[in-house]
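S.K.: Use the sequences and the hints to build the structure in full.
These protein sequence lines map, in sequence, to chains C and R.
The opening residue of the first sequence carries number 1 in this note's numbering; numbering runs sequentially from there.
The opening residue of the second sequence carries number 1 in this note's numbering; numbering runs sequentially from there.
Rather than coming from a laboratory, the hints here were simulated on the basis of the structure.
Given the structure is predicted, the values throughout are model-derived calculations rather than measurements.
Output of the computed footprint for chain R on chain C, the stretches with three or more beta carbons under 8 Å from beta carbons of chain R:
1) 2-16
2) 57-70
3) 74-82
4) 86-97
Just so you know, even glycine gets a beta-carbon here, dropped at the ideal spot from N, CA and C.
Protein chains: 2
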Amino acid sequence: MFTSRPIGLVSSPYKETREIPKGLGAKHQADGVLNILPEFEAGLTDIEGFSHLIVLWEFARSDGFSLLGTPPSDNRPHGVFATRSPRRPNPIGLTIVELLRRKGCELQVRGVDMLDGTPVLDIKPLLSSIPGEKLRRGWLAEAEARRHE
Amino acid sequence: MFTSRPIGLVSSPYKETREIPKGLGAKHQADGVLNILPEFEAGLTDIEGFSHLIVLWEFARSDGFSLLGTPPSDNRPHGVFATRSPRRPNPIGLTIVELLRRKGCELQVRGVDMLDGTPVLDIKPLLSSIPGEKLRRGWLAEAEARRHE
Numbered sequence: 001m002f003t004s005r006p007i008g009l010v011s012s013p014y015k016e017t018r019e020i021p022k023g024l025g026a027k028h029q030a031d032g033v034l035n036i037l038p039e040f041e042a043g044l045t046d047i048e049g050f051s052h053l054i055v056l057w058e059f060a061r062s063d064g065f066s067l068l069g070t071p072p073s074d075n076r077p078h079g080v081f082a083t084r085s086p087r088r089p090n091p092i093g094l095t096i097v098e099l100l101r102r103k104g105c106e107l108q109v110r111g112v113d114m115l116d117g118t119p120v121l122d123i124k125p126l127l128s129s130i131p132g133e134k135l136r137r138g139w140l141a142e143a144e145a146r147r148h149e
Numbered sequence: 001m002f003t004s005r006p007i008g009l010v011s012s013p014y015k016e017t018r019e020i021p022k023g024l025g026a027k028h029q030a031d032g033v034l035n036i037l038p039e040f041e042a043g044l045t046d047i048e049g050f051s052h053l054i055v056l057w058e059f060a061r062s063d064g065f066s067l068l069g070t071p072p073s074d075n076r077p078h079g080v081f082a083t084r085s086p087r088r089p090n091p092i093g094l095t096i097v098e099l100l101r102r103k104g105c106e107l108q109v110r111g112v113d114m115l116d117g118t119p120v121l122d123i124k125p126l127l128s129s130i131p132g133e134k135l136r137r138g139w140l141a142e143a144e145a146r147r148h149e
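M.R.: Here it is, written out as C-alpha cells:
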C-alpha cells in the first residue's frame, strides 16, 4: 500500500461543491489549469501531443465512505462502485479533460469538475475510447429515460 | 493525503510482468475476475447494468518512480505522465474492462492487463467515451506511423 502525494494542484472556477454542475445532463466545460509542481515537470515531456488526458485526483474534502448512496441524477440508491460518489474507500476522483495548451508546468485544460485547490495524483494519456454503440450505462440510462417519460 | 487500501484482488492469467502483452498493437482480451472483499459487496449494487468499468489498481511490484522512460511501444523517452509506465509518483494503474457477469463479490471481466493478485483500489462506471475522430494520440500515433513506414 502507498501514501498518496500531490503532483500538483487544480486551478478551477469552482470554490464550493455546490457550484459544480451535477446530475443528468450536467456539462463539464469549465476551463481550468493543472499546476504541476516544478519537481515533476520532466514527467510532462511530450504530453502536448495528446488531445485528452485522464486526471486522477483526490477528494480532499471527503471524509469516510458510504457503500450505498443516492446520486444527484437519480432518486434511488446505488452502490458506490456504480456511481461517481466522492465518499469512496479510496478517495480518488477521475476526470477526462481536453488539453488546450501547455506552458511549462501549467496544463490549460477544458472540462474540469474539481474544486479549486484539488490535489492532482496522476495524469495519463487517453489512448482509446469505447465506441458509443458498445457502451451500456446501467441505472443512469434508466434514470434518464424516467426523466424523459 | 490518504493511505491506499485494497477493496479486492485481481485474478489474472498473468503471473509475471513479461507475460502481459505490451507495446503497439497489444490486445488486452484476457478474462479475469475482480474478487471484491465481502465487506465492500454492498458497493457493487447495480453495477451489473454497466458494460464497461474503469478499474483503478495499485502497481504493487513497482518501486519508486522515473519522470522519463522509454515505453515498449517506442525507442524514444517520454514523460511518465504521457505514458502508462508503472514507475509513477502515485503507483496507480487504470484499466477499462468489459463486465461479463457478476456473481456476488466476483466480477468476471474481459480485458485485464494486471498481474495476478493485484490490489484493486476503486471501480467506477464508464459513462462516456470520446469519439475516435476527436482523439489525438501524440507520440504513440507517431511511433505507430514510423513502424508502418
